[in-house]
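K.L.:
Those protein sequences? They're chains A and B, same order as listed. Throughout the first sequence, residue numbering follows the working numbering, covering 1 to 464 in sequence. Throughout the second sequence, residue numbering follows the working numbering, covering 1 to 398 in sequence.
Calculated from the structure, these hints are not laboratory results. Keep in mind that the hints are not guaranteed to be accurate.
Stated by the list, open to error - Okay, the calculated bits of chain B under chain A, using three or more residues with CB under 8 Å as the criterion:
# : segment
1 : 164 to 172
2 : 300 to 306
3 : 352 to 366
Said to hold, decoys possible - With a Cα cut of at most 27 Å, we get these calculated BS3-like pairs of lysine-lysine:
# : chain 1 : residue 1 : chain 2 : residue 2
4 : A       : K434      : B       : K147
5 : B       : K280      : A       : K434
6 : A       : K362      : A       : K196
7 : A       : K207      : A       : K196
8 : A       : K196      : A       : K147
9 : B       : K280      : B       : K147
Said to hold, decoys possible - Non-contacting residues of chain B with respect to chain A, defined by C-beta distances greater than 10 Å in every case (computed):
#  : residue
10 : T6
11 : L105
12 : E113
13 : R129
14 : T149
15 : P150
16 : S208
17 : V213
18 : E245
19 : H282
20 : A309
21 : P336
22 : E349
Just so it is clear, CB atoms sit at the ideal spot from N, CA and C, and this is done for glycine as well.
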Amino acid sequence: MSHSAIVIIGGGPAGMSAAVAAATQGLSCTIIDEGFALGGQIYRKPTNPERAPAPHPRGEQLRAEVAKLAQQIQVRNGDNVWGIFDELRVAVTSPDQHTELLQPQAVILAPGAHELVPPFPGWTLPGVMTPGAAQTLIKTMGVAPGKRVLLAGTGPFLLAVACQLVDTGVHVVAVLEASSRPAWLSLPLHGFRTPKILAEGLAYLNKLDRAHVPVRYGRIVVAAQGETELNAVEHAPVDAEWFPDNNRIETEQVDTLLVGYGFVPRVQLAQMAGCNLELRPDVGGWIPVRDRNLATSVAGIFAAGDGAGVAGSLVAALEGQLAGMAAARFLGAIDEATFTAARDPIEQELVRLKPLRRALDKISALQPGLMSLVRDDTIVCRCEEVTWREARAAVDAGSTTYRSLKMTSRAGMGACQGRFCWPFLSRLVAAEAKCSLADIGPPSARPPLGPITLGALAPQAQDK
Amino acid sequence: MPMTSTADVVVIGGGVIGASVAFALARRGASVTLLDASTPGRATSASAGGLWSLGESLGLGCGVILHTAQQGAGDGPAPLPRTFMDFLWTSNLRFPSLAAELRTLCGIDIEAESATGLLYLVYDEEQERHASRIVEWAGSDHGSVEKWTPQHIRDRDPLITHDLRSAIHFPGDNQVNPMLLTEALKRGACAKGARFIAEARVRALRCSNGRVVAVESDKGTIACGAVVNAAGAWGAQIARLASIEIPIHPVRGQIICTEALQPGTLRSNLSTRDCYILQKAHGEVIIGSTTEYCDFNTGVRYEDMCSLAAGAIRAVPALRNVTLKRAWAGLRPGTPDELPILGPAAELENFFHATGGFRTGIVAAPLTGEVVAASVLGQTPEFPIEPFLAHRFQFLTA
Ligand SMILES: Cc1cc2nc3c(=O)[nH]c(=O)nc-3n(C[C@H](O)[C@H](O)[C@H](O)COP(=O)(O)OP(=O)(O)OC[C@H]3O[C@@H](n4cnc5c(N)ncnc54)[C@H](O)[C@@H]3O)c2cc1C
Ligand SMILES: Cc1cc2nc3c(=O)[nH]c(=O)nc-3n(C[C@H](O)[C@H](O)[C@H](O)COP(=O)(O)OP(=O)(O)OC[C@H]3O[C@@H](n4cnc5c(N)ncnc54)[C@H](O)[C@@H]3O)c2cc1C
Numbered sequence: 001m002s003h004s005a006i007v008i009i010g011g012g013p014a015g016m017s018a019a020v021a022a023a024t025q026g027l028s029c030t031i032i033d034e035g036f037a038l039g040g041q042i043y044r045k046p047t048n049p050e051r052a053p054a055p056h057p058r059g060e061q062l063r064a065e066v067a068k069l070a071q072q073i074q075v076r077n078g079d080n081v082w083g084i085f086d087e088l089r090v091a092v093t094s095p096d097q098h099t100e101l102l103q104p105q106a107v108i109l110a111p112g113a114h115e116l117v118p119p120f121p122g123w124t125l126p127g128v129m130t131p132g133a134a135q136t137l138i139k140t141m142g143v144a145p146g147k148r149v150l151l152a153g154t155g156p157f158l159l160a161v162a163c164q165l166v167d168t169g170v171h172v173v174a175v176l177e178a179s180s181r182p183a184w185l186s187l188p189l190h191g192f193r194t195p196k197i198l199a200e201g202l203a204y205l206n207k208l209d210r211a212h213v214p215v216r217y218g219r220i221v222v223a224a225q226g227e228t229e230l231n232a233v234e235h236a237p238v239d240a241e242w243f244p245d246n247n248r249i250e251t252e253q254v255d256t257l258l259v260g261y262g263f264v265p266r267v268q269l270a271q272m273a274g275c276n277l278e279l280r281p282d283v284g285g286w287i288p289v290r291d292r293n294l295a296t297s298v299a300g301i302f303a304a305g306d307g308a309g310v311a312g313s314l315v316a317a318l319e320g321q322l323a324g325m326a327a328a329r330f331l332g333a334i335d336e337a338t339f340t341a342a343r344d345p346i347e348q349e350l351v352r353l354k355p356l357r358r359a360l361d362k363i364s365a366l367q368p369g370l371m372s373l374v375r376d377d378t379i380v381c382r383c384e385e386v387t388w389r390e391a392r393a394a395v396d397a398g399s400t401t402y403r404s405l406k407m408t409s410r411a412g413m414g415a416c417q418g419r420f421c422w423p424f425l426s427r428l429v430a431a432e433a434k435c436s437l438a439d440i441g442p443p444s445a446r447p448p449l450g451p452i453t454l455g456a457l458a459p460q461a462q463d464k
Numbered sequence: 001m002p003m004t005s006t007a008d009v010v011v012i013g014g015g016v017i018g019a020s021v022a023f024a025l026a027r028r029g030a031s032v033t034l035l036d037a038s039t040p041g042r043a044t045s046a047s048a049g050g051l052w053s054l055g056e057s058l059g060l061g062c063g064v065i066l067h068t069a070q071q072g073a074g075d076g077p078a079p080l081p082r083t084f085m086d087f088l089w090t091s092n093l094r095f096p097s098l099a100a101e102l103r104t105l106c107g108i109d110i111e112a113e114s115a116t117g118l119l120y121l122v123y124d125e126e127q128e129r130h131a132s133r134i135v136e137w138a139g140s141d142h143g144s145v146e147k148w149t150p151q152h153i154r155d156r157d158p159l160i161t162h163d164l165r166s167a168i169h170f171p172g173d174n175q176v177n178p179m180l181l182t183e184a185l186k187r188g189a190c191a192k193g194a195r196f197i198a199e200a201r202v203r204a205l206r207c208s209n210g211r212v213v214a215v216e217s218d219k220g221t222i223a224c225g226a227v228v229n230a231a232g233a234w235g236a237q238i239a240r241l242a243s244i245e246i247p248i249h250p251v252r253g254q255i256i257c258t259e260a261l262q263p264g265t266l267r268s269n270l271s272t273r274d275c276y277i278l279q280k281a282h283g284e285v286i287i288g289s290t291t292e293y294c295d296f297n298t299g300v301r302y303e304d305m306c307s308l309a310a311g312a313i314r315a316v317p318a319l320r321n322v323t324l325k326r327a328w329a330g331l332r333p334g335t336p337d338e339l340p341i342l343g344p345a346a347e348l349e350n351f352f353h354a355t356g357g358f359r360t361g362i363v364a365a366p367l368t369g370e371v372v373a374a375s376v377l378g379q380t381p382e383f384p385i386e387p388f389l390a391h392r393f394q395f396l397t398a
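Whole structure, please, built from the sequences with the hints as guidance.
P.N.:
Below, the structure written as structure tokens:
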């Protein structure tokens, strides 16, 4: 049983850095991560080290720092946090359904983000997946997702995954970047203070060039074709608002399509804990409101990393450090002077990273044309297989909030609680009902966040 | 704010009660505007959708759960007054024809089931005595309440625990999908000429010479001939806008729901002293629910999720390995005597209540719509509403 002072949810760069910072101040921490090892999305550890590429050195370093503080840091891998209840009580269930309620004095939320995929005709066909899912296959097991792969979406993450595919020997047909080439060419203007990151991006482009993988700017996928599985993809050039020119559609024969339009912060635990949210489409949508020290509106709960606004692994690690120190101050382990002395350099570093991040957010900001791909029979909620025709009928009859739309069309009623469909469905609803995303609101979050059985809640229940 | 529109009647609150009143009014030819604001905790979206006219009025469902929690099993909860049982019974009988009418009118299937029945599981001797009194009390005037043997239960619903003494079966107590019912009533009302305005939170009532003359909402001000307060647990707040006090209190109900199982896995709706259990048309099993006074808090408590799960596993052991999908809570509009508040307010000539549905608002909705609509339009309600007038609480609110 754990009686740590701090429970940290998420073992990515944010969670690991938070644990190291707080443990260094003498506090006991428990990191809980549903993955089989620490690392999070970017520093995921291979399960099959012979075949998978070598793990990222920064990830190895963080894992080593955590390991060095094993006296203070308890790591719970494979466990799922599915709810936060009153008085900072954190519900955790392990794969064998053993369930515990932890009651720390502070909680650091570092759950990261998930990928954003817009609905378009054919998007639910087997063979269509996210770049992150493909990357996980490669990183953990060294397995290629397909033979002929097309990547589409926006942002540098596409390039990173394309390079990993090339390294694994996959034939990458092309990378389609929705934003225009001139927009991307302006990036160095904003990144002069972060030359290493720019260089990383350029290295991706060089590698793809050498592998003869075309990066085509200003194009989006408009439909995926196939009977039982994907066999072709239609894509078209777009205008500045990403509306496709349907007279210039090209068709590509591929067995795998990876679509990713950025990331959405995982805010459900913050919501359950009662933290106030604000709408910030530039960093992925709804995020917890935080003060300068990353404290949320609920005393004792801090939020760091992509789960509090998508900003990448470097920002996540810095925020983790800051949240760890802020939690230490909250618990009285360090005084104000020590805290500010630690905060200043972190803040300076965050400021240095900001211009590039802002520019990236702007270039990759979702444009309305992306919402024009949905047709009447396109599925807009995968869990319940609700089509846009059904959802729109409910919207037209007045169901313009998550709650009312769910009740009348079943969209968002499934196990994912709207986490995956609502980022786009809410935009479709806003366009249809002519209201703002803020009016429509985030999907409500209710326990349990992950799958648990009734038996996990009632191990003693009598059943003779 | 400028007057943006007019209506004979403005109905405030788009839960099942407001929708039913609007439908009944529109059907009688009145011009109706239905205003709703989506508020966390609205009872209709949280509801289990049991149509348990006999079971609930005899204190089963939530009644027995609360009773057990408060004082152990003992005598079991006392039944509600007979007039109310008759009211619910009459309302419940409307469902088959209402379902057909709504299907024709707006194409929505409200998933009203006709043959599941409610089964009250009797685990021990004390409960056995309670059960005998229930059968006696229900008498023969309402269908055929029967006592079932363990063998009979097993033959019909083999997943129910074998570790019980008997059960009481209420053949007429079935279920419906509360949200589809509400949506269908709303669209039905619109098909008959009513207007529905979503996200129209009511902020003020303009009164003059003992009448409400206009309703001010986030979506504009509506001049009106009469107002119906169907704001559920928020009914006291709406009444207060007209300087009227009514004793409506939010009563939280927490409820949990499993992933979809093969429809028909559970044939009966179950009521036990720990929880009630019903399988919905899409296959999910709903397990409810607590009955608590905690103001407008719509959170879910870990301990209550656990006790609902334990109660469900006790009744249906196979549920142990079923995945939980969601837990939530809703706010029932409660009154001190557990009876609804319906009909004209004494203080204002054209202000009517339709709230206090408490734990039976869904089954009561069809008849509630009819009697309130009749009373608004100056007609004689088909069921006497005197026992439900707000007036009865004068001594409380004076
Ligand atoms: C699929 C994916 C792939 C990515 N790949 C790259 C890449 O190759 N290069 C790059 O620069 N950036 C990549 N990113 C972005 C980068 O990972 C993030 O910017 C960075 O990892 C953020 O760090 P973090 O600590 O905030 O969150 P993460 O690294 O995402 O870590 C959060 C961890 O919390 C766990 N978690 C969340 N909720 C719970 C819960 N309820 N219970 C238990 N555990 C939980 C998650 O499983 C995860 O391990 C990727 C992002 C995603 C979503
Ligand atoms: C967990 C649970 C299980 C239940 N199970 C059953 C059951 O099995 N069978 C049964 O018969 N009953 C059941 N009930 C009871 C039943 O759900 C309620 O009695 C019924 O839904 C009440 O309906 P209503 O329309 O009065 O209230 P609500 O559904 O709460 O509707 C009131 C509406 O008014 C709106 N409103 C509030 N303030 C304003 C304002 N200022 N302006 C505009 N709109 C406003 C609210 O947002 C809401 O939409 C259950 C209740 C709960 C909580």
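K.L.:
Run every hint past the structure and note whether it holds.
P.N.:
For each hint, the structure was consulted:
1. Coverage of the segment 164 to 172 of chain B by chain A is violated. Counting CB-CB distances below 8 Å, 0 residues qualify, and the rule asks for three or more.
2. Look at the segment 300 to 306 of chain B against chain A: 5 of its residues bring a Cβ nearer than 8 Å to a Cβ of that chain, three or more, so the hint holds.
3. Counting residues of the segment 352 to 366 of chain B whose C-beta sits closer than 8 Å to any C-beta of chain A gives 0, which falls short of three, so the coverage hint is violated.
4. Distance check on the hinted pair: A:K434 and B:K147 sit about 57 Å apart at the alpha-carbon level, beyond 27 Å; violated.
5. With a C-alpha separation of about 34 Å, the suggested pairing of B:K280 with A:K434 is violated against the 27 Å cut-off.
6. A distance of roughly 20 Å separates the Cα atoms of A:K362 and A:K196; the hinted pair therefore holds under the 27 Å criterion.
7. Between A:K207 and A:K196, the direct Cα distance comes to roughly 16 Å. Compliance with the 27 Å bound is thereby established for this hinted pair.
8. Of the supplied pair hints, the one linking A:K196 and A:K147 is violated, its CA atoms being roughly 32 Å apart against a limit of 27 Å.
9. Using a Cα cut-off of 27 Å, the hinted pair B:K280 and B:K147 holds, with the two alpha carbons roughly 25 Å apart.
10. With a least beta-carbon separation of about 20 Å from chain A, B:T6 lies farther than 10 Å from that chain, consistent with its non-interface assignment.
11. Annotated as non-interface, B:L105 keeps its C-beta farther than 10 Å from every C-beta of chain A; the closest such distance is 13 Å.
12. Interface exclusion of B:E113 from chain A stands, the closest Cβ pair being 18 Å apart, more than 10 Å.
13. The beta carbon of B:R129 is kept farther than 10 Å from every beta carbon of chain A, the shortest such distance being approximately 22 Å.
14. Even its closest Cβ contact with chain A, about 18 Å, leaves B:T149 beyond 10 Å, as expected for a residue assigned away from the interface.
15. Non-interface status of B:P150 relative to chain A is upheld: no Cβ of that chain comes within 10 Å, the nearest being about 13 Å off.
16. Remark: the non-interface label on B:S208 is consistent with the geometry, its nearest Cβ contact in chain A lying 31 Å away (cut-off 10 Å).
17. At the 10 Å boundary, the C-beta of B:V213 stays outside the reach of chain A, the nearest C-beta of that chain being 26 Å off.
18. Chain A leaves B:E245 outside its interface by the beta-carbon criterion, the shortest separation being 30 Å against a cut-off of 10 Å.
19. For B:H282, the condition that its CB be more than 10 Å from all CB atoms of chain A is violated, with the nearest at approximately 8 Å.
20. The Cβ of B:A309 does not lie farther than 10 Å from every Cβ of chain A; its closest approach is about 4 Å, which violates its non-interface assignment.
21. At roughly 28 Å, the least C-beta separation between B:P336 and chain A is larger than 10 Å, which holds for a residue marked as non-interface.
22. Distance check for B:E349 against chain A: the nearest CB is about 31 Å away, which clears 10 Å, and the non-interface claim stands.
Violated hints, listed in ascending order, are 1, 3, 4, 5, 8, 19, 20; each of the other numbered hints is respected by the structure.
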